[in-house]
Amino acid sequence: MIVSPSRPPRSGSVVVCLDKFRGSATASQACAWLAAGIRAAAPEVTVVERPLADGGEGTVEALATVGYSLDRVTVMGPVEGMTVSAALAVRGTEAVVELAQASGLDLITDAAGAPLTSTTYGTGQLVRRALDLGCTRIVLAVGGSATTDGGAGMLTALGARPYDEFGARLPLGGGYLRDVASLDLSDLDPRLSSVEFVLAADVDSPLLGPEGAAQVFAPQKGAGPAEIRRLEAGLERFADLMVLHTGRDHRSSPGAGAAGGTGFAALTALQARWRRGSAFMLAELGLARLLRNAALCVVGEGRFDDQSLRGKAPYGAMTLARHAGVPVSLVAGDIALPDPRPRPLGTITAYSLLELAGSPEASFTRTEALLHTIGERIAAALDRARPAGSTAGLPEGEGAGSRG
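Using this note's numbering, the first residue of the sequence shown is number 290, and each one after it goes up by one.
Calculated directly from the structure, the hints in this document are not laboratory data.
Virtual Cβ for every residue (Gly too), placed ideally from N, Cα, C.
Honestly, I wouldn't trust all of these hints.
Cβ-Cβ distance ranges computed for the label pairs, FRET-style [to be verified]:
1. 474 to 356: 31 to 37 Å
2. 648 to 575: 46 to 52 Å
3. 654 to 625: 16 to 22 Å
4. 358 to 649: 36 to 42 Å
5. 627 to 426: 36 to 42 Å
6. 572 to 534: 30 to 36 Å
7. 578 to 538: 46 to 52 Å
8. 669 to 399: 43 to 49 Å
Build the full structure now, drawing on both the sequences and the hints.
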């Protein structure tokens, strides 16, 4: 679908800020492939790449493009016995811990997942690494988890000791939390008390209940009805003990249900403050500043649908562009909006890899070539819209069709 711009072309850069195309391209790859198409067709155009993330997979990779260094360490993966090489992003005394690096669903290759035994222990090891580096501000970016353990694994790695009724150490995993009888927080790393924690999560749901971590998100991690009931009971039991020991009750606080309840542990034990992950990332990536001198902002992700409109990073980028008066081109693997007209989103062109490729399989296997082609079409539209003597411009209603 094509929507004509409401204002004349202007000169400036093209800012390409795509999130991941799950299963076929990281955010960095998607940006690079589309930008290469623009540069090939219009080498005189300045193209700025800003890979997006909202706290899930790709967060530390995106931050590496804006001055953060990556510190890599071997930690426990999402299930006990698995080790993974995970990175945290560090700049000065601030660290960003991406839960998905250690405890992410994408790290579990079994399609059935591990809903009862997955753990955030490795995420706690990353926090401990940040403490070892002397960081005094730690951002916990908690999207994309494989876990529903209430953050118990993370706290265990930091010194917490959950026990069963016989005084034995509780095994890792949310499936065991219903057996927790006592909780010892006296050995939590003392350095935690001098650190400012931020919980970066777009999920604003509570810990428990029909909108909570187990009932809403555990099915996405392989849990069936009986397992969901078991996980819910475990989260409730663990939460009761946490509230008893800390005197802080965040069971209903926004973000408590994020990452299988890891948000609850962060808010309660680490006294983190919640911030939307997409807002944090857009600020860190300096997107508002880049858009001041932009002629076009290209945004997108693997699937753009009604969930995207609930504050995900690409929609946040669209909003910033609209506020800056910069037109937007939307690029996605598939565009599936209730209202197929992109005009209210500020888009002037929309491109769907699925529609361009002709089949879902081709859109996944030919992602690089398709994004390169779309980049060329964006460049061609820029060229047609560019006034004589200018170096960049605004597409004037040309582009590939889409469902957007």
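| request: Check each numbered hint against the structure and report the violated ones by number, ascending. | output: 2 and 7
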